[in-house]
Amino acid sequence: MTPEDIDSICKHPDFKQLVRRKQRLNWSLTLAMLVIYYGFVLLVAFSPSTLGQSLSGGVTTVGMLVGVLVVLVSFGLTGIYVYRANNVLDPLNDKVRQECAK
Amino acid sequence: MNWTAISMFLLFVVFTLGITRWAAQRTRSASDFYTAGGGLTGFQNGLAIAGDMISAASFLGISAMMFLNGYDGLLYALGVLAGWPIILFLIAERLRNLGKYTFADVVSYRLDQTPVRLTSALGTLTVALMYLVAQMVGAGKLIELLFGISYLYAVMLVGVLMVFYVTFGGMLATTWVQIIKAVLLLSGTSFMAFMVLKHFGFSTEAMFSAATEVHAKGTAIMAPGGLLSNPIDAISLGLGMMFGTAGLPHILMRFFTVSDAKQARKSVFYATGFIGYFYLLLIMVGFGAIVMVGTDASYRDVNGAIIGGGNMIAVHLAQAVGGNLFLGFISAVAFATILAVVAGLALSGASAVSHDLYACVIRKGQATEKQEMRVSRIATLAIGVLAIILGLMFESQNIAFLSGLVLAIAASVNFPVLFLSMYWKGLTTRGAVIGSMSGLVSAIVLLVLSPAVWVNVLHNETALFPYSNPALFSMSLAFLGAWVFSVTDTSERAAQERGRYLAQFIRSMTGIGAAGASKH
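Protein sequences, first through last, are from chains Y and G. Heads up: the first sequence at position 68 corresponds to 70 in our numbering, and the numbers run straight through without jumps. Heads up: the second sequence at position 8 corresponds to 110 in our numbering, and the numbers run straight through without jumps.
Please keep in mind that the hints were generated in silico from the structure rather than gathered at the bench. Since we're looking at a predicted model, the values are computed, not measured. Just so you know, even glycine gets a beta-carbon here, dropped at the ideal spot from N, CA and C. Treat the hints with care, since some could be wrong.
Claimed, not checked - Straight line, CA to CA, 27 angstroms or less: simulated BS3-like cross-link-like pairs of lysine-lysine: (1) Y:Lys24 with G:Lys364; (2) Y:Lys24 with Y:Lys97; (3) G:Lys527 with G:Lys472; (4) G:Lys300 with G:Lys466; (5) G:Lys466 with Y:Lys97; (6) Y:Lys18 with Y:Lys97; (7) G:Lys527 with Y:Lys24; (8) G:Lys466 with G:Lys202; (9) G:Lys364 with Y:Lys13; (10) Y:Lys18 with G:Lys319; (11) Y:Lys13 with G:Lys300; (12) G:Lys202 with Y:Lys24; (13) G:Lys319 with G:Lys527; (14) Y:Lys97 with G:Lys202; (15) Y:Lys13 with Y:Lys24; (16) Y:Lys18 with G:Lys364; (17) G:Lys202 with G:Lys364; (18) Y:Lys97 with G:Lys300; (19) G:Lys466 with G:Lys364; (20) G:Lys300 with G:Lys319; (21) Y:Lys13 with Y:Lys97.
Stated by the list, open to error - Covered, in the sense of this in silico footprint (three residues per stretch, anywhere, with C-beta under 8 angstroms from a C-beta of chain Y), are these stretches of chain G: (22) 123-130; (23) 342-356.
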């Protein structure tokens with residue numbers, strides 16, 4: 003890429019939009035994952051008894067449910083990301099590539 | 103001698119050697135060797151990544167931890183899993199868009215090749231060799247137990263097969279061995295979990311209540327115990343597991359085996375699904391074993407200890423639910439698991455030597471593909487020999503701490519600099535080199551001073567570093583070192599490096615100019 007190419011891509015409105023959307027999606031999901039996981043870790047460290055409570059009177063605890071949920075939510079978040087990236091970001095990216103390859 | 107296990111394992115070996123032969127005919131260029139020509143699909147790569155993560159250590163180790171402590175075993179599983187969404191959101195696509203064969207391609211993209219490649223290669227080799235030794239020793243012990251062959255032969259067998267897969271079949275064979283093993287392990291574990299649930303009338307509540315009744319710790323196994331009672335340790339362990347995965351060279355290399363960023367993205371989605379599913383199955387395996395193995399006297403020796411040690415829990419459960427035939431199957435799969443993981447490690451170590459050190463540093467990019475591939479094969483052989491020697495040297499050493507703590511080292515030496523090179527314009531060569539080195543040195547020093555080594559291995563009274571995991575401190579030092587020595591770098595070279603960030607940013611975002619799949 004020549005300096006002129008770089009300049010024109012950076013000023014391209016579609017590229018700007020792609021960067022904005024991509025970064026918003028990436029960082030909001032990253033933040034969500036960090037909050038969920040470290041929230042869980044801190045709960046384990048500071049209040050294990052909360053996780054040790056019985057879920058509905060039986061032996062199964064709240065913590066067991068939370069553990070399973072962390073697994074499912076992790077997978078769910080990757081699903082959301084892939085869905086958004088395939089359906090929203092990729093078309094925009096293709097547009098940028100086409101217009102800037104000219 | 104366990105003949106069912108041995109014959110099933112031989113079947114696996116013959117089959118995978120057949121695949122290696124097939125792959126060898128398709129491995130002609132350097133791109134074929136390092137990245138299977140970049141032609142794998144997201145689904146295949148996802149399975150291979152999952153295969154790398156669900157190693158023998160996690161299958162046998164986590165189920166053993168659940169058997170002993172219940173809930174605490176789950177904490178380890180969650181740490182490894184939670185790293186994957188982060189890898190997807192922050193690393194996977196940019197890595198694919200910027201790199202070609204190794205993650206050093208990405209770090210050195212706009213920096214000075216020689217110093218950055220040297221440090222990245224050092225980081226790769228340290229992590230790969232330590233992990234390799236841990237796997238070799240674990241493998242030798244396990245095979246000795248399962249198959250009744252001596253430790254020496256077991257280690258040599260693993261080393262020789264590993265070198266065979268990698269030198270002849272390159273990444274294509276390594277990946278397919280990993281995929282086949284992942285499918286075998288996932289199906290075997292699914293069957294075990296299903297049989298456990300069937301035993302308890304498909305009620306997890308019945309399983310948990312039976313487990314708490316017979317376990318010495320009673321209902322305490324259903325809640326976090328003492329494992330992470332110290333918040334600093336808990337966060338440090340969490341950071342190490344989460345970002346350590348993102349610093350493992352053999353995992354990062356897998357992102358170059360797919361055709362583009364879209365496939366890289368899909369591979370993480372599938373990988374996260376498979377890894378998560380596997381860990382959920384392990385809950386059944388671990389808690390089921392508390393009842394089905396723990397209460398059965400035939401799995402205990404005269405002193406009441408589990409035959410073969412705690413790590414054999416999953417293997418005993420296989421016999422309890424599926425008889426000797428299934429026991430043979432799971433033993434063979436455990437062996438296959440080790441083989442597949444060490445092959446990936448050897449390949450990543452060899453690529454650091456041949457691509458980063460030989461082709462880029464020594465020959466300054468002037469080496470032909472033929473020369474580069476020859477060096478990579480020699481490097482694989484050397485790594486194989488070294489792994490066997492180290493495996494024999496450390497036979498009677500307590501190195502259980504190694505495999506877990508490799509993650510802490512990877513999180514400190516590779517991840518911070520890789521992340522900064524992609525996200526921070528200000529990173530310079532000086533910052534990258536000092537950042538990596540301070541991460542590596544501090545992680546190793548803190549490890550040596552920690553209770554696991556200073557007290558348990560070196561037999562000192564008290565640990566000089568009170569926490570069992572160094573990642574929180576060593577990662578911070580790596581980031582700090584990279585930052586301080588970048589912002590104070592006023593050289594002409596540093597200014598040029600910052601100036602090249604914009605072009606790198608555009609490529610990492612859009613994939614314009616990214617290396618594609620080779621056509622044939």
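Evaluation of the provided hints:
no.: 1; hint: Y:Lys24 with G:Lys364; result: 14 angstroms, holds
no.: 2; hint: Y:Lys24 with Y:Lys97; result: 15 angstroms, holds
no.: 3; hint: G:Lys527 with G:Lys472; result: 36 angstroms, violated
no.: 4; hint: G:Lys300 with G:Lys466; result: 61 angstroms, violated
no.: 5; hint: G:Lys466 with Y:Lys97; result: 37 angstroms, violated
no.: 6; hint: Y:Lys18 with Y:Lys97; result: 12 angstroms, holds
no.: 7; hint: G:Lys527 with Y:Lys24; result: 18 angstroms, holds
no.: 8; hint: G:Lys466 with G:Lys202; result: 16 angstroms, holds
no.: 9; hint: G:Lys364 with Y:Lys13; result: 25 angstroms, holds
no.: 10; hint: Y:Lys18 with G:Lys319; result: 58 angstroms, violated
no.: 11; hint: Y:Lys13 with G:Lys300; result: 62 angstroms, violated
no.: 12; hint: G:Lys202 with Y:Lys24; result: 23 angstroms, holds
no.: 13; hint: G:Lys319 with G:Lys527; result: 53 angstroms, violated
no.: 14; hint: Y:Lys97 with G:Lys202; result: 24 angstroms, holds
no.: 15; hint: Y:Lys13 with Y:Lys24; result: 17 angstroms, holds
no.: 16; hint: Y:Lys18 with G:Lys364; result: 20 angstroms, holds
no.: 17; hint: G:Lys202 with G:Lys364; result: 16 angstroms, holds
no.: 18; hint: Y:Lys97 with G:Lys300; result: 53 angstroms, violated
no.: 19; hint: G:Lys466 with G:Lys364; result: 32 angstroms, violated
no.: 20; hint: G:Lys300 with G:Lys319; result: 25 angstroms, holds
no.: 21; hint: Y:Lys13 with Y:Lys97; result: 15 angstroms, holds
no.: 22; hint: 123-130; result: violated (count 0)
no.: 23; hint: 342-356; result: violated (count 1)
Of the numbered hints stated above, those contradicted by the structure are hints 3, 4, 5, 10, 11, 13, 18, 19, 22 and 23, listed in ascending order.
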